[in-house]
Amino acid sequence: MENENFVIIEGKKVAIEGERNLLELIRKAGFNITTFCYQPELEIYGACRLCLVEVDGMGVVASCCVAPRAGMNVRINTDEIRRLRRINLELLLASGNHNCTVCSKSGHCKLQSLAQEMGITEIRFKAKQKETVRDTSSAALVRDNSKCILCGNCVRICNEVQGIGAIDFAFRGYRAKITPAFDKGMGESHECVSCGQCARVCPVGALTPNCSEIEQVFKEINNPAKKVAVHIAPAVRVGLGEIFGLPQGKSIDGKIAAALRMLGFDYVYDTAFAADLTIVEEATEFLHRFTEGKNLPQLTSCCPAWVNYVEKFTPEFIPNLSTARSPMQMMGPVIKADFVEKGGKREDLVVVAIMPCSAKKGEIKREEFYVDGNPDTDHVVTTVGLARMIKEAGIDFANLKDEEFDHPFGTKTGAGVIFGASGGVMEAALRFAAAELDPKNAGKIKLDVLRANSTVKEAELKVAGKTVRVAVVSGLRNARKLLDDIKAGKNKYDFIEVMSCQGGCVAGAGQPQFEGWQARKNRAKGLYDDDAKMAYKSQDNKDVMALYGTIFDKIGGHKAHELLHTHYFDRKDRTGQDK
Amino acid sequence: MSDRFKPAAQILKDNNYDSAKLIPILQKVQDAYHFLPEDVMRYIANELNISPAKVFGVATFFAHFAITPKGKHIIRVCNGTACHVKGSAGIIDAVKKKLKLKDGQETTEDLLFTLECVSCLGACGLAPVMVVDDVVHGQVTPAKAEELLDEVIKAEAK
Amino acid sequence: MATKDIAKIAKDFNDAYKNIKHRIVICGGTGCIAGGSLDVYKAFQTEMEKRNLPCSVEVTKGCRENYLSLSGCRGFCAQGPLVSVGDIFYTKVKVADVPEIIEKTLLKGEVIDRLLYHNPANNQKSKTVADIPFYAKQQRILLADCGRINPEDINEYIAHGGYAQAKRIYLEMTPEQVCKEMIKSGLRGRGGGGFPTGKKWEFARIEPEGKKYVICNADEGDPGAFMDRSVMEGNPNAVLEGMMIAAHAIGADEGYIYVRMEYPLAIKRIRKAIEEAEALGILGENVFGSGKNFKINVMEGAGASVCGEETALIASVDGMPKVKPPFPAHSGLFGKPTVINNVETLATVAKIFEMGPENFAKIGPATSPGTKTFAVTGHIANTGLVEVPMGTTLRQVINDVAGGTTNSDGTVNPEAFKAAQIGGPSGGCLTKEHFDVPLDFDSLKSAGAMVGSGGLVVMNEKTCMVNVARFFLEFTKRESCGKCVPCREGTDQMLSLLTDICEGRGTMKTLETLEDLAKAVQKSSLCALGKTAPNPVLSTLKYFKDEYLAHVVEKRCPAGVCKALAKYEIDPAKCKGCGMCKRACPVQAITGAVGKPHVIDPKKCIKCGSCKSTCKFGAVKIGA
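Chains as they are written, first to last, in our numbering: chain U, 153 to 731; chain R, 934 to 1091; chain S, 3 to 626.
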């Protein structure tokens, strides 16, 4: 018998296969309606009213708010719908400061593209003169409420996915705005951890990663007195390409190395080098704790937004955080130490990190990462920021020939590269630990669950008669729940990897914007494809191991501790409580 | 705990630290502190395990809440339909003029008066209506409004 | 605690009541209190004491022959303070009148003529409530006990048959039967939408057993409607009883009443009624020995009219409407199945079971049975609450019950009627051509208006309809929660377009854009508040297009209301040439010799109106 479970969309039968709303079904049918407030990962909000369709018997409905029912007859491009969508769009265009030519989001803005799609050449409504009010109080993010269309995506992701609620709606009606508590700046917000997921889901230019340092980076490059070193994080190589029309998720590290040289950087390195170094330090630290049964579970510390979170919300877990610095903050001091060793002056070397992340911009500003006023890392540029630099310089990126990274700080193993995907840090650490615990098996582990497309993963590694219980979690709300369960005694782990962004760094706020899980999958696959072609575990990185005995005396030694480890601060808000 | 937060702590306790009761909690807090001070809102957010931004959102969404200190005397002029038809706009103008309130300003510099324009007090039969410190006055004229304010000012001067 | 025997309470009350020879009722509604009724009450107490007259203030065993009580709102607020001594009904009573009332009316049974209600329409005076056309022509079911009983004495409510229906239903009827009976009665929700109450209950009833809630929506946000306030002030127990019955019907054990903070007296009376009902075990555990529990909580609003919208009301914290589904009947307060009814609906429930659903269904038209309370305000002889059968015509309500339209000076002039705005900012306007349209859900809908909560603002010829539309848009713009684009931005832009029209900047294109936008907001907004926000615009555009055209094309406000379009002129026949206006004019636009008619230079005039308010001879007028 014929399957009756379908909806008719513009005359075409489309099977209902568990879609959560009519909009998903319509998109499946090939009508990619541009809307603002619907995000597949977030709760349905129904505010932008741009997914309007006509359903027989129901009239005009917002398709995001309607569950598909068999037999529905749906019309999308009727005169009525076109008229309503146009008016709602015009209302938005009149609502704020939408001056595309001077907006950092130009070219990636949904409001702009919808206006193009609808061929808007005139706005019938009075422009509500909103001056640009740039909130630049945060190192990580820039907020401009005059561009905000109040779709609420940022509020929902901060609440639902991150469990923080650093920003929310305030005031009412025509005065409504999205703001941190007490109408303060993002940088003054106690709650904001700079993860930037709000910016990742902002359809317009109201919340964007801070890009102000690009100017300075160009100046440093053009300053003959300075040498400029650059290194790219693992996730960057699988994120940048799509901006230049290359397949999403394909690793293009060779092209990036070439482009960085063309931009004028003196040394072109790979953060994956430092990721291997991180594994050596962090996994060694773990093995100590594991053997002694102290401060377990160990929590990873390479995600700066996560570190902020622990300090601000769960400081009781500070002893559990690995003291190992993030790869970026190992890379900086190591390159600078090497430069000094070779006779240079520390302040004459500028280190620029290309990161998929907004929180990294705040991380380099922490005072423990300065030596006599000179930062370990001078500037952080996001993946999208790098794309802008490449475009400004006129580089024909898509047609570049692959080049090698410079050595020794461009040498890496697969273990360092997979840092960019959720589960990658844990897998790399377990490769190291397995080899340390059982030198005979060369660290080969088979834990596919760590690569699953899930935000909470658990695994056990059995090696040399021991069992290591690990968890991998991404998204801060998930992380909080895990910690709460541990506190309540419901769960027990030895080692936990936490990434603030669901899916890990490939889904960071500095990456090209995306919706849904497919982009995360594609990018993670790019990293694992690279890994498959490379050395397996961090111990195999000869340039990393060579540091011990030159810059550092030994693993976990005094100098290594000074340059490669850090400490944390309790920054919990305790207003009104006894100190 | 410093004395400052004690009233808020008691209110939270009376409401079983139930975050669903945020609105009644804020109402009581406003009664106790005359407005919603930032540190008290932050304290409440922490105790109820909700974000300060959410508390701030609620405090600014509802007309009844004030995030800046309110005046000692609250003047409410009804601008519901019936009152509007019967000329409440003139009363609002007269009060503003008398109290030297600029556009958008609700509370006088000396914190003596706050003017609130409310949508309907349900006393349409008496339109236009003005409420001075919870006492309802009906069939108010601009002149009568000024008289009522004068009475308060006179009482304050003593 | 076991519920006290209500039959015994009623009997005790009635026995004690037999001692009473004279009952003096002073209206204690918000309106009358504003007029000083509490002072009048105190004056009665003092005066009786002074004269050593036996007087009680509550009905208890052995109470004395004079009984002094407050009542709830009697819905005739413009005439307050209202006092009745037995059947004799006095209006506008002052403290100074009290000794005379005691001396003449209480002791001698004489009527004081000057305190009687004076009907401005025919200059007749009325001695009793029954003589007053305003009351006589109503059919009061909901409001029957408002003003008759003491709202702060649950025993009197019980003595009038109160809680008998709740008891019967809890002990003798299954939830399914209750829903069936409600469906049979045909009652449709009085809050605005007119959804059948019985069906709403049935949806919540069939949800799986577990925690469920009944909510009484007393967040009456429609400016100009005050029946919910009156009912809560005048007969709070009727609301509670309705909630109890609804709770039994759906299987709820907890209820919430959300009251606007602007209604302090209603909040006080509701709380008092709950306390009394709890003390008697009517609310609480094992209600009437049925094994069922029911408790009621009161929540005060914090000043946002959007919270009258169901989904915003149950959001309780952020106050923003949510997408439906889920419907509250399935997932409402705290995610549990919830029935939300407004005050008027719930207060009618016990009456329906008392008279029998079949009999209720016979009142008014078959599709909208029952009575409906309208709050009649504006340019009308008798401002107040009018309860009439659904389907009564506008003509009957305005002219027969409420005494007719008035001129701006208050004199009755039925010919001055221009329009009635029904349903508040969500409603539409009705004109002379609708005078014989029956006021019920369906007829009004086809006339492009809605019953809404029942606000009925009567407007005379001196009202500018563009200005009225603008007034309502100011309200909706201010009250829009700001969530969805069409309502947040659309109300703001509609207001801006209307302001352009009122201030002489409008063009034909403005009108066209306004209409387009209004229709779009109506179609595409998220919640009912946004969907109905353009109604005042669309209905005035429909019925008063010529007035809009006058503003736009001729730059003229026919009613002379829009300041920017006003043309101030001096009538030479009335001007005495005193020079007062000349001195008052801030821009020296007025010229003229002493003793001779003065003239206003329209080019200099800034339309401040100083001349008009200064002139003692009424010579300054606003030309159309």
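Just so you know, not all the hints are guaranteed correct.
DSSO-like, lysine-lysine: derived pairs with alpha carbons at most 30 Å apart [to be verified]:
no., chain 1, residue 1, chain 2, residue 2
1, S, 96, R, 1077
2, U, 282, S, 544
3, S, 565, R, 1077
4, S, 544, U, 280
5, R, 1035, S, 96
6, S, 565, R, 1029
7, R, 961, S, 213
8, R, 1087, S, 565
9, U, 724, R, 946
10, S, 94, R, 1087
Calculated Cβ distances over 10 Å to all of chain R for the following chain S residues [to be verified]:
no., residue
11, 16
12, 57
13, 101
14, 576
The set of hints was computed from the structure by calculation and includes no laboratory data.
All residues carry an ideal CB built from backbone N, CA and C; glycine is no exception.
Against the structure, the hints come out as follows:
Distance restraint check for residue 96(S) and residue 1077(R): the Cα-Cα separation of roughly 19 Å lies within the 30 Å cut-off, and the hinted pair is therefore satisfied. A threshold of 30 Å between alpha carbons decides the hint, and for residue 282(U) with residue 544(S) the separation of about 34 Å lies outside it, so the pair is violated. Between residue 565(S) and residue 1077(R) the CA atoms are separated by roughly 24 Å; this keeps the pair inside 30 Å, and the hint holds. The hinted pair formed by residue 544(S) and residue 280(U) meets the criterion: a straight-line CA distance of about 28 Å does not exceed 30 Å.
The suggested pairing of residue 1035(R) with residue 96(S) is violated, with an alpha-carbon distance near 38 Å, which exceeds 30 Å. Taken as a hint, the residue 565(S) and residue 1029(R) pair is honoured in the structure, with Cα atoms around 19 Å apart against an allowance of 30 Å. Our distance criterion of 30 Å between C-alpha atoms is met by residue 961(R) and residue 213(S), whose separation comes to about 28 Å. Between the alpha carbons of residue 1087(R) and residue 565(S) the distance comes to roughly 35 Å, so the proposed pair goes past 30 Å and is violated.
Between residue 724(U) and residue 946(R), the direct Cα distance comes to roughly 23 Å. Compliance with the 30 Å bound is thereby established for this hinted pair. Under the criterion of a C-alpha separation no larger than 30 Å, the hint pairing residue 94(S) with residue 1087(R) is consistent with the structure, at around 29 Å. Listed as a non-interface residue, residue 16(S) keeps its Cβ farther than 10 Å from every Cβ of chain R; the least gap is roughly 33 Å. A cut-off of 10 Å between C-beta atoms confirms that residue 57(S) is not in contact with chain R; the least separation is 27 Å.
No Cβ of chain R approaches the Cβ of residue 101(S) within 10 Å, the least distance being about 25 Å, so the stated non-interface status holds. For residue 576(S), the condition that its CB be more than 10 Å from all CB atoms of chain R holds, with the nearest at approximately 24 Å.
In this structure, the hints that do not hold are numbers 2, 5 and 8, in rising order.
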